[in-house]
Each structure stands twice: as structure tokens, then as C-alpha cells.
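Asks: Sequence:
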Amino acid sequence: MAGGPAARRILAAGLLLLAAPGAWAQEAVHVTSSIDRDSLTIDEHINYELRIELIGPQQGESVRMPEFNDFISHQLATISNAYRSGGVMRREYIYTFQLSPKRTGKLRIPPAMVVVKGQQYPSLSFEVDVQPPSRSSLSPGKPKTPAPAPGGRNDRSGAQVRAPARVFLSAEPSVSEAYEGEQILLKIFLYFNQELSDREFTTFPQLPGFWVEKPDDRDLEVDTQRVTIRNMAYLKSLQAAVVLFPIEEGRVTVPPFEMNVSTWSFFGVDREMAIKSDPEHIRVLPLPTEGRPRGFRKGNVGRFSLTAEPVNPIARAGDALRWVVKLQGEGNIRQASLAPMEGKGDWKILPPKIKHAARLRGQVYGGVKTFEFLLTPLRGGTLTLPRVRFDYFDPQLKRYFTTSPQPASVTVMGEPDTSGMAASASSAPANAPAGPLPGGPLDPPPPELRRIPSEPLWSQTWFVLALLLSPAPLIIAVLARVIGSLAFRRSAGSRRRMAIRAIEQAMKEMEASLKRGDANGFYSALRKLLDQGAWELVGASPRGMTRAELIAALRANSADPALAGLAEQVLDQIDLARFTPGGAVVTESHAAIARELSMLMRDAVDRKHAAAPGVQA
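Following our numbering, the numbering of the sequence shown begins with 49 at its first residue and continues without gaps.
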């Protein structure tokens, strides 16, 4: 019958459809491996791929990768994919390695082994023919220098290079040679070619020998790039950046940065590792002496321009004029300072209010520093504003330059009353600084050191009232006054001992911080010593004075002329430590100056108190 075979075929197809779900539900494991070529030279590499496909609800699977004994292996990627097809769960894993041969000859790649429910599934093995390098890859001139090795710098001679690392950290300065004060952009990159689940800096070292500025994270170009190092593919990711300004010449070292990273795999294998960058060495050149302006200061290195906002061309006598000078440019804008002002004899000039704003734009750090002066004319008529000047060194052109806006003129209507101004101007130092000293006011002296009023009893109101009431309170008051006077004479000697004790305590804190290597504690104790000593010598809080006023007061109240000079050097050190976040350091010369100032300050305070009337040793 014609329909018989057709009916049998339809019946067989129906039976296959009924049996299909059972067939789909069966478990299966497929393991394949491949290489992109089996012949290469010693300076080339091959790509090895392992593909695993699991069908069904497999459990307890594990993978043992081949032992690439004859190769330097470098895992490029791990890809996983899971999906459901026809009601059956399917999972796929792909592992890609880059292999660089260690020697020539016939090299073997053994099979990988996949274990599922105790059953082993091996992959294929391969034999690779490795030949010596071709002559075209060798330059006829000087020997070829190998590319930098992952995990550190290569040997400059090219004699030996470390084996590549899969994850490494690198600190990369923008230049390896710079002038003192020239900006250097230091970037810290993470190189990796496997998936990372976590990363965190464990050591962000101090950077002695540099003035450090940390740019805003929003100014950093945090992109990830693909790079190849010694035929190995990597992802390069920026982790941090700092701007460095060398403060001393010579060979300066950037210490290693350290980081903890965690790797991740699809089989749940997490591994933590500690990595660190290699130290970097930067050669710092001294600033040339040829052509250096007289008012040049070392922090003024870069490219700058100076402008001044015009003031009112006509002013009334006695009015204060607001005058804003702006310094713009590329460099250490925070440390930049103006040259001494010229032609200010007709003006009373208060220390300026200073503001600065700086940021990183691309590879260049710079910004604006604003000096806001208040000027008061000392006479009437047409007066020329003082001349402001900024001297700087351009490290690219290797020359000194001076920028100065054209001085403007102001017509002062009338003659100001200069009697009070002249007195205050004569008491102020001739060379006023750029601003007040850092810090807040000092604590007032202890109550036991405050002087008792020495006015005669009969000149006070309560004396007359006491006479009208009865003589008994008068007698008691007179005795109390006499006893108080004697007590003050005794306390003057104790004040001397207390002052010396306070200075010696600050000296001990300074030495203890120096032994611990605590630079911040050292400068804090040094600031306390300077405050205490200046209070005892000058009789007023030094933090309410400008720098020049404090130095002049110390010079006037100390018999030793070296004390004021040492105090000025110490103030420079303290300011440098305050404005160098994470980079404060105490050099041997800093410690020596601080110790010498401590001894001179102690002796000066001791002599001043010993010379006071009524003081007993």
C-alpha cells in the first residue's frame, strides 16, 4: 500500500518528538582547545583558547589548566555565558592565554582537564615548533633594548628582564629630569589583564624633597587604555596623580606605592595579592645663576603674567583705596611670591589679603593668585601707585623673566591728616611681609602671672568709703595690699621658672617627635616653642603680628642678633611643612637650626626674666 511507508515515517517522527525531551534533558560536556599557529620564532607569541560547554544541570565541575612549562603564560580573558535553550540549561566558559616560548625547539602544550561529577574530560595537546629570531628583527646598530617588564622597570643594559606579571603597579613621572621648583606630574597606573574584584592603596608614601599638590579627582583623565608590553596585552588604568615641585637639587627618589588587589574567576576562586611600584629617580637641576634677578625667589618657576586692577583715578584725602594684583600662570601658584614693592613712600600699605585657586588642566598645573591691598595716601596731589614686580624662571626657555604692570596714577583731593598715620607707619617694619603668620591667637597668660595694680591706695574710690565706715576694713585692706605685693615679687621668680619649664617641655616634645620620625609633631612642637619664647620676650601674642613685625620685635628684645635670623628660617620651615600635605619632612639641617633656636630662645628668656626687678633666681 502506498501509504504504508509514509505512515511509518510519520510514526517514527512522532516517537522521536516524544523522546526528544528526554534526550534534551541528558547531560553533556564538550571540551575543545585550539592554538592560532604551531610555528613561530622565539620573539613571537601564540594564542591558546580553551572552550568548555556544559549542557544540563551539571554540578561539582572543576578545571585544571595545562602546565605551560615551556612558555611564559599570560591569561588575557575569561568569558562565561549561561542561557536556556529548549528547556535545558547551557553554560559556556572560554579561557584565552597568550604564550611566549622560553626556548627554541619542539615545545609541547599538554591537555587541560575538566572534571564533572568525578568524570574527566581532557582537551587536545599540541606541539609547537619554535625557531631562533629572524635577522630582520635585529637592528644593525646598537643592541635592541627590551620593552619594560610588567611589574617593574627593565634592566637598562638589556641583559636580563623579569618575567611578566599579570597585575602590576607603576609610578610614572612626566619627566626624569627637572629644575628645582619645576612641576612634575606623577601618575600611578595599574596594569592588568585579568578581572579584578577590588583594589585599594595600602601605602601612599610621603614624598620628601618635593612640595606636593594633589589635584582634584575631577581634573584627572580616568580612562582605561589597551597597551602591549613585551607582546603582552594589558589594560592600563589611572589610579591616582600628584603634582610635585622639587625643593632641593640632586637625585631625588620617589618611594614605592603599594596596593592590594583581588582577582576574580567564574569558578569562585578569589585571590588577594599585594603589589607595589618600583621607586623612581628624578634628577633635579639647580637654577642657573646667570641672569637671575635680584628679587627672585626659588618658588617662582614656570610661566606667569602679572596684572593689576585699576583703582579710582580720583580719591579723597584719607580714603583707603582697594588695589587688586593678580598673578596667573603655570607652576606652584601657592608658593609664588612677589618681589619687594618699589615706590611706596607716598602710601601706607597694609599687608594684602591673599587668595589662590589652582587646578590641573591636562598635563599642566596652574591657576590664579590674588593679592588685595589697601592703600592710604600720605599726602595730596597726583600720586603714582607703587610698582609691583614678579620675577620667575621659565624651565622650557631656560631663562629668567620679569613681569610688571604699568603703574597708574591717582589724584588725591586735599591733604590727609598724617599725624596718626606717620606714627603708625614709623612703628611698622619697613619691609612688610605678604600676610599674617598662620595660626590663631595664643592663650592669655595664667592668672597667677598677671600683675597687681600698683596705683596708690588713697587714689582709689574704695579707700575713701572705707575711711567713712570704720578703720578695721582699711587696716585689713592695707595688709592685703602689702602681702599681695610681696607675693607678686615671689611669683616673678616663679614666672621665670615656669617660662623656662614651658620652653624646655616644647624642646622635649620636639626631640621626641624627631626620634619617632613624626614630622608634623616636630613642627607643631617647634611652633609652640617659638610662640612661648616670643610671648615671653615681646610680651604680646606673635600670631597677631606679621612675619616682619615678629622678627623686628625679636631683634629688639634679644641681646643675641642670631636669634631673629634663626626664627625667620624656622618660620620658613613651618610654612613649608604646613603647605606640603603628606610630604612634611625633617632634614638634618632643619633639626640643627631648630635646636640652635631652642637654646638661644631659652637663654634669651632666662636673661630677660633675670633682669626684671624683684626676680630671685
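Quick caveat, the hints were computed from the structure, so don't treat them as lab data. Check each hint, because a few of them may be wrong.
To be verified - Computed cross-link-like contacts, SDA-like style, restricted to lysine to any residue with a CA-CA straight-line distance of at most 25 angstroms:
no., residue 1, residue 2
1, 576, 456
2, 262, 298
3, 556, 446
4, 446, 347
5, 235, 246
6, 262, 437
7, 403, 429
8, 576, 527
9, 374, 402
10, 262, 655
11, 556, 457
12, 262, 401
13, 556, 596
14, 446, 422
15, 262, 228
16, 403, 437
17, 396, 346
18, 656, 569
19, 235, 142
20, 346, 301
21, 235, 165
22, 284, 298
23, 346, 402
24, 396, 446
25, 324, 356
26, 262, 278
27, 165, 142
28, 396, 306
29, 165, 251
Remember, predicted model here, so these are calculated numbers, not experimental data.
Asks: Compare the structure with each hint and give your call.
Replies: Results for each hint:
{"no.": "1", "hint": "576 x 456", "verdict": "violated, 44 angstroms"}
{"no.": "2", "hint": "262 x 298", "verdict": "holds, 23 angstroms"}
{"no.": "3", "hint": "556 x 446", "verdict": "violated, 46 angstroms"}
{"no.": "4", "hint": "446 x 347", "verdict": "holds, 15 angstroms"}
{"no.": "5", "hint": "235 x 246", "verdict": "holds, 20 angstroms"}
{"no.": "6", "hint": "262 x 437", "verdict": "violated, 28 angstroms"}
{"no.": "7", "hint": "403 x 429", "verdict": "violated, 32 angstroms"}
{"no.": "8", "hint": "576 x 527", "verdict": "violated, 40 angstroms"}
{"no.": "9", "hint": "374 x 402", "verdict": "holds, 10 angstroms"}
{"no.": "10", "hint": "262 x 655", "verdict": "violated, 46 angstroms"}
{"no.": "11", "hint": "556 x 457", "verdict": "violated, 55 angstroms"}
{"no.": "12", "hint": "262 x 401", "verdict": "holds, 24 angstroms"}
{"no.": "13", "hint": "556 x 596", "verdict": "violated, 28 angstroms"}
{"no.": "14", "hint": "446 x 422", "verdict": "violated, 36 angstroms"}
{"no.": "15", "hint": "262 x 228", "verdict": "holds, 19 angstroms"}
{"no.": "16", "hint": "403 x 437", "verdict": "holds, 18 angstroms"}
{"no.": "17", "hint": "396 x 346", "verdict": "violated, 28 angstroms"}
{"no.": "18", "hint": "656 x 569", "verdict": "violated, 29 angstroms"}
{"no.": "19", "hint": "235 x 142", "verdict": "violated, 34 angstroms"}
{"no.": "20", "hint": "346 x 301", "verdict": "holds, 21 angstroms"}
{"no.": "21", "hint": "235 x 165", "verdict": "violated, 49 angstroms"}
{"no.": "22", "hint": "284 x 298", "verdict": "violated, 31 angstroms"}
{"no.": "23", "hint": "346 x 402", "verdict": "holds, 19 angstroms"}
{"no.": "24", "hint": "396 x 446", "verdict": "violated, 38 angstroms"}
{"no.": "25", "hint": "324 x 356", "verdict": "violated, 48 angstroms"}
{"no.": "26", "hint": "262 x 278", "verdict": "violated, 33 angstroms"}
{"no.": "27", "hint": "165 x 142", "verdict": "holds, 20 angstroms"}
{"no.": "28", "hint": "396 x 306", "verdict": "violated, 54 angstroms"}
{"no.": "29", "hint": "165 x 251", "verdict": "violated, 45 angstroms"}
Taken one by one, the earlier hints fail for this structure at numbers 1, 3, 6, 7, 8, 10, 11, 13, 14, 17, 18, 19, 21, 22, 24, 25, 26, 28 and 29, listed in ascending order.
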